[in-house]
Amino acid sequence: MAEDLTIAQTLRERFGAGIAAEQATRDDFPTIWVAGDQIKDVLRYLKEQVTQPYPLLYDLTAIDERSRTNRAGQPASDFTVVYHLLSFDRNQDLRLKVALEGEYPSTPSVTDVFPSANWYEREVWDMFGVKFDGHPNLRRILMPPTWKGHPLRKEHPARATEIEPYQLSEVKQLAELEALRFDPEDWGMKRSSDDAEFMFLNLGPQHPGTHGLLRVILQLNGEEVVDLVPEIGYHHRGAEKMAERQSWHSFIPYTDRIDYLSGVMNNFAYLQAVERLAGITVPDRAKVIRIMLSEIFRIISHLVWYGTFAQDLGAMSAVFYMFNDRERLLSIVESITGGRMHPSWFRIGGVAHDLPRGWDRRIRDFVAHFPARITEFHNVLMKNRIFKGRTQGIGVYDAKTAIEWGVTGAGLRATGVNWDFRKKRPYSGYDQFEFDIPLAHNGDCYDRALVRIEEMRQSLRIIEQCVKVMPEGPYKSDHPLTTPPVKARTMHDIETLIDHFLSVSWGPVIPAGEAFFNIEGAKGANGYYLISDGNTMSYRSRIRTPSFTHMQMLPLISRGALVPDLLAILGALDFVLADIDR
Amino acid sequence: MMSILWPLITIALALGIMLTSASALVWLERRMLALWQDRYGPNRVGPFGLLQVIADTLKMFFKEDWIPPFADKTVFFIAPMVIMTTALLSVAVVPFAPGFSVVDLNIGLLFFLAMSSMGVYSVALAGWASNNKYSLLGGLRASAQMISYEVFMGLSLMGVVMLAGSFNLRDIVEAQEHLWFCVPQFIGLVIFCIAGLAETHRIPFDLPEAESELVAGFHSEYSGMKFGMFFVGEYLGITLISAMIVTLFFGGWYGPILPPIIWFFLKVFVFQCGFILLRATLPRLRYDQLMSFGWKYMLPLSLINILITGAIILAKR
Numbered sequence: 002m003a004e005d006l007t008i009a010q011t012l013r014e015r016f017g018a019g020i021a022a023e024q025a026t027r028d029d030f031p032t033i034w035v036a037g038d039q040i041k042d043v044l045r046y047l048k049e050q051v052t053q054p055y056p057l058l059y060d061l062t063a064i065d066e067r068s069r070t071n072r073a074g075q076p077a078s079d080f081t082v083v084y085h086l087l088s089f090d091r092n093q094d095l096r097l098k099v100a101l102e103g104e105y106p107s108t109p110s111v112t113d114v115f116p117s118a119n120w121y122e123r124e125v126w127d128m129f130g131v132k133f134d135g136h137p138n139l140r141r142i143l144m145p146p147t148w149k150g151h152p153l154r155k156e157h158p159a160r161a162t163e164i165e166p167y168q169l170s171e172v173k174q175l176a177e178l179e180a181l182r183f184d185p186e187d188w189g190m191k192r193s194s195d196d197a198e199f200m201f202l203n204l205g206p207q208h209p210g211t212h213g214l215l216r217v218i219l220q221l222n223g224e225e226v227v228d229l230v231p232e233i234g235y236h237h238r239g240a241e242k243m244a245e246r247q248s249w250h251s252f253i254p255y256t257d258r259i260d261y262l263s264g265v266m267n268n269f270a271y272l273q274a275v276e277r278l279a280g281i282t283v284p285d286r287a288k289v290i291r292i293m294l295s296e297i298f299r300i301i302s303h304l305v306w307y308g309t310f311a312q313d314l315g316a317m318s319a320v321f322y323m324f325n326d327r328e329r330l331l332s333i334v335e336s337i338t339g340g341r342m343h344p345s346w347f348r349i350g351g352v353a354h355d356l357p358r359g360w361d362r363r364i365r366d367f368v369a370h371f372p373a374r375i376t377e378f379h380n381v382l383m384k385n386r387i388f389k390g391r392t393q394g395i396g397v398y399d400a401k402t403a404i405e406w407g408v409t410g411a412g413l414r415a416t417g418v419n420w421d422f423r424k425k426r427p428y429s430g431y432d433q434f435e436f437d438i439p440l441a442h443n444g445d446c447y448d449r450a451l452v453r454i455e456e457m458r459q460s461l462r463i464i465e466q467c468v469k470v471m472p473e474g475p476y477k478s479d480h481p482l483t484t485p486p487v488k489a490r491t492m493h494d495i496e497t498l499i500d501h502f503l504s505v506s507w508g509p510v511i512p513a514g515e516a517f518f519n520i521e522g523a524k525g526a527n528g529y530y531l532i533s534d535g536n537t538m539s540y541r542s543r544i545r546t547p548s549f550t551h552m553q554m555l556p557l558i559s560r561g562a563l564v565p566d567l568l569a570i571l572g573a574l575d576f577v578l579a580d581i582d583r
Numbered sequence: 478m479m480s481i482l483w484p485l486i487t488i489a490l491a492l493g494i495m496l497t498s499a500s501a502l503v504w505l506e507r508r509m510l511a512l513w514q515d516r517y518g519p520n521r522v523g524p525f526g527l528l529q530v531i532a533d534t535l536k537m538f539f540k541e542d543w544i545p546p547f548a549d550k551t552v553f554f555i556a557p558m559v560i561m562t563t564a565l566l567s568v569a570v571v572p573f574a575p576g577f578s579v580v581d582l583n584i585g586l587l588f589f590l591a592m593s594s595m596g597v598y599s600v601a602l603a604g605w606a607s608n609n610k611y612s613l614l615g616g617l618r619a620s621a622q623m624i625s626y627e628v629f630m631g632l633s634l635m636g637v638v639m640l641a642g643s644f645n646l647r648d649i650v651e652a653q654e655h656l657w658f659c660v661p662q663f664i665g666l667v668i669f670c671i672a673g674l675a676e677t678h679r680i681p682f683d684l685p686e687a688e689s690e691l692v693a694g695f696h697s698e699y700s701g702m703k704f705g706m707f708f709v710g711e712y713l714g715i716t717l718i719s720a721m722i723v724t725l726f727f728g729g730w731y732g733p734i735l736p737p738i739i740w741f742f743l744k745v746f747v748f749q750c751g752f753i754l755l756r757a758t759l760p761r762l763r764y765d766q767l768m769s770f771g772w773k774y775m776l777p778l779s780l781i782n783i784l785i786t787g788a789i790i791l792a793k794r
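First to last, the protein sequences are chains P and W.
When you read off a place in the first sequence, starting at 1, and then add 1, the result is the number in our numbering.
When you read off a place in the second sequence, starting at 1, and then add 477, the result is the number in our numbering.
The reader is advised that the hints may include incorrect statements.
As the list claims (entries may be wrong) - Straight-line Cα separation of at most 27 Å, DSSO-like style, residue types lysine-lysine; simulated pairs:
1. P/Lys401 - P/Lys424
2. P/Lys191 - W/Lys540
3. P/Lys288 - P/Lys48
4. W/Lys540 - P/Lys389
5. P/Lys149 - P/Lys132
6. W/Lys550 - W/Lys540
7. P/Lys149 - P/Lys242
8. P/Lys384 - W/Lys773
9. P/Lys424 - P/Lys288
Claimed, not checked - Stretch-level coverage of chain W by chain P, calculated; a stretch enters the list once three of its residues show a Cβ under 8 Å from a Cβ in chain P:
10. 507-519
11. 755-762
Worth flagging that the hints you see were computed from the coordinates, not collected in a lab.
Given the structure is predicted, the values throughout are model-derived calculations rather than measurements.
Just so it is clear, CB atoms sit at the ideal spot from N, CA and C, and this is done for glycine as well.
Construct the entire structure; sequences and hints are all you get.
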């Protein structure tokens with residue numbers, strides 16, 4: 002029986018020598034090295050033929066292995082391409098690795114197995130210079146087209162001081178502008194059809210409806226969208242590169258700014274990956290505090306989405322009501338953490354401080370106040386006939402398409418797939434809380450909105466329970482790698498003092514290994530894949546963000562829509578440009 | 478002497494009232510919206526922020542009068558004038574009070590409809606002349622929108638004309654001395670209000686500018702006082718449509734105790750606030766939704782209204 006065999010054994014039976022080795026990781030995901038020429042067959046087998054298949058390409062990235070020292074037991078490789086698959090039936094992740102040798106190696110593209118691999122492969126090409134043979138349009142995605150080098154390669158400088166000062170001469174500026182000119186032929190688009198000449202319209206990078214620096218190039222026939230190309234990268238700040246020169250501790254503030262509307266929820270994903278690597282168990286009080294703040298931030302993020310979505314549809318008042326309640330929450334966050342949008346408040350092994358005295362009063366007030374507001378918003382917006390007319394039946398995709406394109410979060414649940422990492426893989430004690438996973442079934446903009454609105458109610462339930470059950474005890478773990486370490490004994494014995502000194506000045510040395518951790522973020526599944534080489538800094542940090550792959554399917558669900566529908570679709574996707582570009 | 482002066486005084490008064498009320502309306506809208514949106518609005522300049530309008534106007538006057546090099550200069554220049562001119566010309570036929578209107582045209586209502594149809598040229602031409610894709614889309618939408626609402630706008634008023642037996646706005650008001658037409662012509666009123674909203678390009682029919690879709694639509698390329706004219710034109714439009722609703726359906730200047738002119742402006746004020754409240758409430762329609770709404774529901778409804786009104790008038794004879 003296939004169920005009795007591990008996936009590695011199943012694959013070995015089927016592909017024999019194509020399966021090179023198995024690797025142990027700290028996250029206990031099966032990690033299997035596959036021969037490069039077989040990867041497509043293996044992926045297709047895993048996606049379509051194996052019992053309890055892996056239908057979702059969760060992530061695709063690469064590792065520059067050339068200066069990694071702790072690789073015992075792994076096949077020789079200069080660049081490793083990592084395919085991360087997810088099986089709903091097994092509730093299991095699977096990591097496949099392909100070893101590539103050479104300065105600028107190439108490997109077969111898997112875009113015909115997983116369409117969502119398209120952008121991921123472009124990203125790996127852009128960042129590492131790994132070519133994908135057979136890719137339909139392998140061009141840079143995050144970096145400007147004029148960029149020299151591939152930033153995530155180890156030889157690429159990480160600091161501005163390592164390169165020539167940047168100067169923008171007029172010649173260069175014109176060349177950069179020219180490089181951004183859109184050429185429809187590059188994308189296989191026609192300039193005219195038999196009976197119409199198409200208009201190409203740049204929606205963005207500066208546009209009130211794109212919620213940030215997003216450029217969508219529309220091929221229009223009148224106002225009908227024939228096709229479109231989302232162009233991203235305007236918000237790219239190189240967070241993954243920065244992770245390689247920040248200590249494990251000092252990278253925390255950078256994570257807040259990935260999905261900049263969900264604040265500490267980003268810390269949550271990152272730190273649990275670090276804690277998995279370090280083997281830290283977080284005390285109960287810290288766990289509940291983390292859940293409480295994460296759920297507060299989920300509501301904060303959803304409120305921004307709700308207001309701006311309504312604004313995209315022309316309803317101007319909603320955003321003020323939403324921001325009003327968001328402000329209440331932000332001020333609660335402020336009174337607990339001292340920060341607002343980006344508190345960077347979680348720490349390796351716990352949180353930064355204990356909760357302040359009287360913290361629960363304002364939260365209780367909010368819990369009492371907010372449900373009536375949600376109902377009010379619902380009556381004003383969701384029941385409005387114009388609102389329904391603008392969102393129902395717009396941007397529809399079904400569950401199969403969603404999975405095919407790697408959709409997670411509310412966008413997936415709006416198609417009826419009951420998948421929420423808080424329920425399926427309860428982390429940090431989510432299994433101790435009572436809450437429901439809202440579902441909808443039409444997969445259109447309206448249903449995506451419904452799901453998120455109900456999610457706010459559920460988050461509120463969780464917050465209410467957190468207030469009730471908040472356990473007593475320490476707010477951070479008594480583990481040597483907890484940062485900053487517990488200080489109580491520092492002044493009493495020399496070992497603790499030295500330990501404290503090192504971990505504060507250099508930062509903790511996280512044991513070598515690999516770990517992935519994934520949370521149910523506000524916008525979808527948000528995960529951090531961290532590789533430690535036994536150093537104070539990470540060797541490679543991969544940030545898997547939901548918005549990236551959601552944006553990738555925009556053309557698919559917008560073709561044939563009108564320009565106003567496109568804005569509704571963009572609004573309902575709930576993306577943040579920083580989350581797409583990192 | 479007085480026979481020459483009096484019309485001039487009337488014109489000056491009407492212009493003064495309309496322009497002042499348009500700018501006051503800007504302030505009113507900002508404060509009202511703020512009230513409904515749980516915020517303050519402009520409250521720093523002068524008492525209750527009243528002087529904000531003057532500050533903004535001054536700013537607009539002193540801005541660089543810039544025409545984009547790629548625009549069609551002449552048309553770009555003319556477009557904003559059209560909307561101001563047509564809006565102000567329409568004011569000529571509004572009967573503010575007995576004996577107080579600029580002209581007493583016997584085709585007053587037709588004149589108003591003609592002028593309001595001219596207004597759309599402003600938007601369409603601005604969109605065209607800007608030579609900007611967003612503006613062009615805005616201009617196209619304005620034309621599509623105009624075609625769908627103009628027809629039922631005119632037809633919705635025919636019931637009123639039949640009841641009053643005149644196109645003269647003064648006669649129409651006087652015909653309402655005992656019963657305001659909002660009662661017998663309720664359907665006409667509703668249809669006209671919707672058409673009026675579309676006419677002024679306000680939410681939910683602000684398709685030609687649709688900020689979240691077309692940046693600023695037809696006036697994306699406009700700045701300074703040229704933009705100001707579109708801006709004031711929009712508020713003149715609101716005042717005008719409110720004035721027409723009052724004249725045609727709510728008995729114009731009629732009312733107890735207070736002087737007629739006060740009654741007229743009180744009623745106009747109520748409808749202006751209604752316009753603002755709608756803006757605070759509704760999302761925007763898509764233009765195909767507006768068109769199908771116009772042709773499939775509003776047009777048949779206004780025709781039925783005419784039929785029923787006609788039948789009742791005939792039956793009474």
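A quick look at each hint next to the structure:
no., hint, in the structure
1, P/Lys401 - P/Lys424, "holds (21 Å)"
2, P/Lys191 - W/Lys540, "violated (42 Å)"
3, P/Lys288 - P/Lys48, "violated (35 Å)"
4, W/Lys540 - P/Lys389, "violated (41 Å)"
5, P/Lys149 - P/Lys132, "holds (16 Å)"
6, W/Lys550 - W/Lys540, "holds (18 Å)"
7, P/Lys149 - P/Lys242, "holds (16 Å)"
8, P/Lys384 - W/Lys773, "holds (23 Å)"
9, P/Lys424 - P/Lys288, "holds (16 Å)"
10, 507-519, "holds (count 5)"
11, 755-762, "holds (count 7)"
The earlier numbered hints that this structure contradicts are 2, 3 and 4.
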